[in-house]
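> These are the residues of each chain, in order.
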Amino acid sequence: MDAIILQILNGLDKGGAYALIALGLTLTFGTLGVVNFAHGALFMLGAFCAVSFNKLISLEQVVLDATQKTAWGTALEIRTPYIEVWFGDIGTVLLDYSVPLSILFAIPVMLIFGVVMERGLIKHFYNRPHADQILVTFGLAIVLQEIIKHYFGANPIPQFAPDIVAGSANIGLWLGLGDSVVYPWWRLVYFAFSAIVIFGVFAFLQFTTFGMVVRAGMRDREMVSLLGINIERRFTIIFGLAAVVAGMAGAMYTPILPPDYHMGMDFLVLSFVVVVVGGMGSLGGAVAAGFLLGVLQSFASMNEIKSIIPGIDQIIIYLVAVVILLTLPRGLMGRKGVMED
Amino acid sequence: MAILEVADVNKRFGGLHALHHLNLQVEEGTTHAIIGPNGAGKSTLLNCFVGRLIPETGSVTFNDASLLGLKPHQINQLGVSRVFQTPEIFEDLSVLENVMIPAFAKADGAFRINAWQRMESRAEICDEAKHILEEMGLVEQREVLSSTLSRGDKRRLELAMCLIQHPKLLLLDEPTAGMSRADTNNTIELLKGISEHGITKIIIEHDMHVVFSLADRISVLAQGTVIAEGTPDEIKGDPKVIEAYLGGELG
Amino acid sequence: MFGNSSRADWIMLIAFSAFVLAAPILLKPFGAAYPDLLQKFAIYGIFAIGFNILFGLTGYLSFGHAAFLGVGSYASVWMFKLFTMNVIPAVLFSIVVAGLFAYIIGFVSLRRSGIYFSILTLAFAQMSYNLAYSVLTPITNGETGLQVRQLVPADRAADYVFILRDEDLRWVDQAFGVVEEGIPITNLFGMKMSGYPGFYFCAVLLILGFFIAMRIARSNFGMVLKAIKSNQNRLSYTGVNTRPYLLAAFVISGMYAGLAGALLAVTDPLAGAERMQWTASGEVVLMTILGGAGTLLGPVLGAGIIKYFENIFSSINDTVLENVFSFLPTTLQEISIAVTSMFVGEGWHLTLGLMFMIIVIFLPGGLMQGLNHLIGLFKRKISTKSVSADSSG
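So the protein sequences, as listed, match chains U, V and R.
According to the working numbering, the residues represented by the first sequence are 1 to 341, in order.
According to the working numbering, the residues represented by the second sequence are 342 to 592, in order.
According to the working numbering, the residues represented by the third sequence are 593 to 985, in order.
The set of hints was computed from the structure by calculation and includes no laboratory data.
Short, incomplete list of chain U residues facing chain R, as computed with Cβ under 8 Å:
| id | residue |
| --- | --- |
| 1 | V35 |
| 2 | H130 |
| 3 | A131 |
| 4 | I134 |
| 5 | G139 |
| 6 | L140 |
| 7 | V273 |
| 8 | Q314 |
This one's a predicted model, so the numbers in the text were calculated from it and none came from an experiment.
Note that beta-carbon positions come from the ideal geometry of N, C-alpha and C, so glycine has one too.
Hey, can you work out the whole structure from these sequences and the hints?
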């Protein structure tokens with residue numbers, strides 16, 4: 001029982017990341033009709049927003065203290081981040097909270113990036129075959145990850161959660177299951193964060209006029225444009241929104257998985273599988289499938305399961321995708337008429 | 342004898358009852374027109390004939406064989422060809438190739454996978470293809486890419502693709518939609534010519550001029566069911582038909 | 593069999609063969625005339641030709657073809673390890689294994705089309721890749737990669753079992769009493785498959801592969817494949833069950849990939865899982881569209897160009913750049929080096945990605961289409977000239 005709960009918990013944070021990426025992916029797919037293979041790269045860019053933000057605020061002031069000598073007899077360098085020099089203790093706190101704060105940095109960056117990407121590139125591919133869309137965004141994904149590799153190197157760059165959530169939550173005790181069920185706080189935070197973002201996106205689409213038009217556009221694009229609504233501008237914003245969601249997901253994920261330049265590709269393949277399993281063009285499906293696959297994956301990596309079916313942890317997601325695609329062509333919640341041949 | 346028999350067919354789309362206890366019999370060798378206002382279920386019915394849709398209940402039998410559950414290619418192999426509302430042709434291939442593919446599919450019982458044989462090497466098929474293009478007035482354009490044809494020529498090409506298979510039943514979905522009056526008359530003449538080959542035809546059409554020039558029998562569909570059936574003369578005077586067409590608009 | 597190819601095709605085949613066989617001389621001015629690179633041209637040419645049979649003719653975009661390449665490599669190395677260093681059995685075995693593997697994956701994936709097909713193939717390739725790294729380590733040797741090793745001493749050969757070891761068996765070679773010193777090199781009945789002989793072995797297979805692809809494209813089987821790309825709907829209403837054709841095309845292209853994988857192992861007897869990664873699948877897609885999907889020469893051209901640029905760009909380092917920009921003032925020199933160094937050496941993939949985008953955006957038909965456009969323009973110019981000359985005269 002404890003083990004099962006632990007595995008469910010373990011799957012939630014990963015599932016949250018899958019769900020957030022898949023949400024943006026299916027949103028752009030459902031509205032713009034564009035298959036975006038660069039969406040994983042947006043997740044990766046978000047993660048590197050957190051890295052850059054951290055680098056930015058930990059820029060250091062170097063003071064040479066002639067009174068103290070190092071072992072080599074030179075003056076001791078005293079390094080203090082500018083932010084502490086300027087703000088004192090508040091600066092220290094800001095540094096500690098660099099990952100959650102980086103969201104504030106990631107949002108505008110990703111929004112601008114998303115809008116520019118849509119206006120500059122994606123827009124011209126609305127009426128091109130899906131194969132062309134896949135290819136051009138695949139090219140863009142390579143370009144983005146190579147640029148990141150050039151500036152940040154090939155090695156993962158660890159980021160740290162704020163001290164207050166550095167340890168593990170003793171969830172077992174809360175639920176009265178004994179203290180064997182512990183769970184890193186930050187993962188819990190990530191799960192909550194993804195739930196909030198998902199809820200926010202749904203509320204936005206459900207309760208605003210903008211969202212209503214977008215949902216109508218997902219159903220029948222031609223109809224909406226016949227109503228004289230400038231759907232294209234809204235689609236630009238939608239693409240920006242998808243980029244922001246992916247970026248935030250990436251930024252917050254950095255304490256869980258140290259970001260490197262090719263994390264986007266790894267997540268992209270999985271997220272596509274998530275979208276397909278959930279059903280193309282279905283937002284609810286994407287979210288449900290994201291969490292479902294996250295949890296399934298963590299179950300598959302249990303030693304008890306691995307000893308029965310070796311290697312299952314490596315392929316479970318793909319296996320599920322294959323089975324779903326063959327048995328439920330529209331995925332779990334896909335609507336009729338979306339991306340059928 | 343009825344070549345196509347539709348008995349008590351029902352098809353729903355969500356809450357919409359597209360076909361409602363529909364019965365229809367098409368006699369061999371006749372031209373049977375299906376008319377009716379928009380949304381009466383004409384295209385749905387046609388899609389049930391070719392395997393694109395499967396009705397929930399009822400039966401569709403062709404030459405005493407059930408068509409339900411068969412794939413489109415299997416239905417075609419039984420001898421049913423279809424002309425679409427917007428011409429469905431192989432736009433990336435030449436006109437001649439467009440006609441030869443169906444000829445081959447027929448002659449070889451759907452192609453054998455033979456990586457070495459070329460179509461041109463089968464003289465009898467080549468000749469037949471040229472012959473049918475001649476009939477359709479497309480023989481001069483046989484080497485051009487079919488995407489460059491005019492809309493009317495594309496329709497004729499699609500018709501040629503169906504005829505070269507010598508179908509027993511030819512389904513025509515609005516064969517003159519969007520044509521000029523002269524082109525429409527040409528098509529009528531063309532289709533009359535086919536009747537002499539003894540091919541049974543089902544025509545869905547809005548243009549009453551076409552319907553009354555071609556049809557031996559007419560079925561009138563409204564709200565997914567046949568409300569009247571008879572010879573063109575019987576249909577012309579049927580008050581139910583007038584109501585079905587005009588009632589909705591006046592009311 | 594030969595009677596029904598048109599003359600233009602024969603001319604193309606002969607010109608192609610002549611070019612390939614003379615490549616060591618013809619490519620000298622480009623600095624590409626050394627065997628290692630020429631072998632790569634030929635091998636990836638074969639890979640791209642095969643991929644084009646599926647993607648170019650039917651329009652089905654597989655994102656998992658690298659899996660067949662990898663399987664082909666593993667199969668070959670195992671033949672080298674267990675039986676003989678002669679390349680013929682290895683090549684044949686690889687083609688068969690890759691074909692079977694493609695049959696299984698194709699049988700499942702082809703139940704769907706469009707983007708679903710792409711994702712299914714991608715999923716299978718990723719599964720193969722992940723498994724090759726994990727549970728299949730006894731067969732693939734995981735991250736280290738599968739390699740040809742020294743012979744197991746005769747006294748211990750008796751208790752050899754079929755698991756991965758540091759020593760190889762090579763039953764056939766042993767039976768024929770082949771003497772090995774150290775780690776052997778692949779051979780074709782005694783002829784060493786390194787350097788130019790290796791290239792010519794690949795070149796002959798490339799020509800053969802090109803010929804078969806040409807025959808397929810011109811046959812009525814190829815015609816059905818093109819019809820699938822053009823209008824699959826109409827084809828099924830014409831009485832053709834498309835799936836067997838698609839599966840045949842898929843298996844054939846998988847066999848080409850297996851052959852390419854085998855040749856990679858022939859020229860360098862080592863197989864690693866990274867060959868199966870989806871970026872490798874992306875690379876063959878790029879080669880095909882760069883040259884021109886659906887054309888015969890395009891994929892080979894694309895493969896050659898990409899491998900050529902990969903070779904050139906990735907070998908450029910900062911020292912080379914310093915020499916190139918040495919005529920500039922220091923600051924400008926530094927800036928130029930900083931900018932260009934992004935695109936060369938380690939950054940070659942950036943150039944690749946940019947090339948990818950540029951081709952898809954501006955030349956979706958690939959280089960062959962661009963070339964044909966140019967030729968068309970040129971011809972029209974000539975004809976308008978002659979017309980105006982006629983009217984004036």
